[in-house]
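*Asks:* Chains as they are written, first to last, in the numbering used here: chain A, 1 to 245; chain B, 246 to 487.
These are computed hints drawn from the structure, not numbers from a lab. For every residue, glycine included, the Cβ atom is placed at its ideal position computed from N, Cα and C. There may be inaccurate statements among the hints.
Unchecked claim - Interface residues of chain B toward chain A, partial, derived using beta-carbon atoms under 7 Å:
1) 295
2) 336
3) 381
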Amino acid sequence: MNYQWNWGVFLQPSASGDDTYLGWMFAGFKMTIGLSLSAWVIALLLGALVGVLRTVPNKVLAGFATAYVEMFRNVPLLVQLFIWYFVLPELLPASIGDAYKQSNPVMQQFLASMICLGLFTSARVAEQVRAGIYSLPRGQKNAGLALGFTLPQTYRFVMLPMAFRLVVPPLTSEFLNIFKNSAVCSTIGLLELAAQGRQLVDYTAQPFESFIAVTLSYIIINVTVMTLMHKFERRIAVPGYIGGK
Amino acid sequence: MIKITNVSKHYGDFKVLTDCTTSVSKGEVIVVCGPSGSGKSTLIKCVNGLEPFQAGEIFVDGTSVGDPKTNLSKLRAKVGMVFQNFELFPHMSITQNLAIAQVKVLGRSQEEAMDKGLKLLDRVGLKAQAAKFPGQLSGGQQQRVAIARALAMDPICMLFDEPTSALDPEMVNEVLDVMTELAHEGMTMMCVTHEMGFAKRVADRVIFMDQGHIVEDDSKEEFFANPRSERAQQFLAKILHH
Chain A
1 MNYQWNWGVF
11 LQPSASGDDT
21 YLGWMFAGFK
31 MTIGLSLSAW
41 VIALLLGALV
51 GVLRTVPNKV
61 LAGFATAYVE
71 MFRNVPLLVQ
81 LFIWYFVLPE
91 LLPASIGDAY
101 KQSNPVMQQF
111 LASMICLGLF
121 TSARVAEQVR
131 AGIYSLPRGQ
141 KNAGLALGFT
151 LPQTYRFVML
161 PMAFRLVVPP
171 LTSEFLNIFK
181 NSAVCSTIGL
191 LELAAQGRQL
201 VDYTAQPFES
211 FIAVTLSYII
221 INVTVMTLMH
231 KFERRIAVPG
241 YIGGK
Chain B
246 MIKITNVSKH
256 YGDFKVLTDC
266 TTSVSKGEVI
276 VVCGPSGSGK
286 STLIKCVNGL
296 EPFQAGEIFV
306 DGTSVGDPKT
316 NLSKLRAKVG
326 MVFQNFELFP
336 HMSITQNLAI
346 AQVKVLGRSQ
356 EEAMDKGLKL
366 LDRVGLKAQA
376 AKFPGQLSGG
386 QQQRVAIARA
396 LAMDPICMLF
406 DEPTSALDPE
416 MVNEVLDVMT
426 ELAHEGMTMM
436 CVTHEMGFAK
446 RVADRVIFMD
456 QGHIVEDDSK
466 EEFFANPRSE
476 RAQQFLAKIL
486 HH
C-alpha cells in the first residue's frame, strides 16, 4: 500500500475558505453532541412515561404504550428517519408544511433527526424501565398500597426510585447507542461527525486521517459518557444493596 | 371491626377461597393457620383490598372493602399490614421509611412524623439504627421496623401475613415479642402464622383453613384441646411435634 500520510491536513484552510479542516471536524463533533443530547432528553422523558404506562393496570393506557413501543422498535432507524424527513412534512397541513419546507435546511435536518432519534430511543428506554419495574419484588407495591398510598403515589415514592436505580446500567448503553446511532442522520445531509469525516475525504483524499479522527472523537464521547454514568451510578447507590456501601 | 361474610375468590376455575365467613372484634387477636396453599394469605390480603374477591362481603370498621365506590387508600391507611418479606423501602433510611406515609398520606409535618417514628423505633428497640438503611439491618430488625412503620399510621387494626416465615430461627422471637406486647396492649390483630406457641400464648381465637375453606373457627383452648376436623388434627400433630 502506498499511502501518503499527512496529519497536517487538519490545519490546512478548508475548501469553504473560512475555516480549517479541523474546524469542520469540530463543527461535526458539536453537531453530534447537540443532536444526541437533545434526542436523549426526549428519549428519557417519553421512555420513562411509556415504560411506566406499560405496567399500569389500566388496559387502555397499557395497550397504547405497548403499541408505541412495538411501532418504534420494529421499524429500522434509517426508515424512520426517511419518514420523518421526507414523508411527514408532506402530510402536514399545507400552511405548516410549506413554512417548514421554507425554513433553514439545517434546522429541518436537525429537527427531523432529533425527533427520530429521540422517539426511536424512547421505545428502547421504555423497555428498560418496564423491566426495572417488573424486577422489583411484588410485595413492594403492596407495601406502598397497604400504607394508604394511591397507585400514583406508590409509583412515585416506592417503585420508581428503586426501578430507576436498577436500570441505570442498561440506560447507560442506550445513552451510548444514541451517540452512535446519530451517525445515521448523515444520510439526510445533516453535517454531524460522520458526515464531516466523509466530506473531508472528498476534499482532501486523506481517508485514514479523517476516519481515525472521527473514530477517536466517538471514543472520546463514549468514554466520557461511561465515566460520568459510572460516577452517577455510585452516587445513587443504596446502602446495603448491590453497588452500595 | 372486621367482618368477612361468604367471601369466595377464584382464578379461572381454581378456587382460592370458598365461602369464608368470620369476624374479628375490637381488641381481639386472631391467628389464621393452615397448610400452604390453603388461602390464608389470600384471605388476609382481601381484608385491605390488596386481593380482589368475586363474591361475598368484607367490612372493615363499617366500610365495605369490595364496594367499587370505597376509597381503598383511605381505608388501608387505617389498617396496618406486615408482610412476610418485610418490604421496607430500600432506598430510604429507617426514619424515612417510618415517616413518609405519615407525611404523604396523613398530612403530618416532617418533624411530627420523625418524632413519632423515633418513638416507635425506640419501642421496638431499634433507636440506634435510625440513620441506617434497610439493607444494613438483619431480617428480624427489618421486620420490627416494618411493624413500627405500620404502627406509625395509628392503625385501628393490624394484619400480619406470615411475619416470621422469612426469618432465621434465632430472630423469630424478637419479632414475636413485639407482636405479643402489641396484643397485650389491646391491638386488634389478625395474624397468619405457623407459630403455634404464639397462638397459644396470645390468640383469642384460631382459624384453621384448608383448600380455601375455613375449617375451624374456635377459641384457642378448644382448637388446641380438641380440634373437630380430621385435617386440623393431622396439621396439629405434625406441627406440634417439635
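*Asks:* Hint by hint, which ones does this structure get wrong, listed from lowest number up?
*Replies:* Checked against the structure, no hint fails, so every one of them is satisfied.
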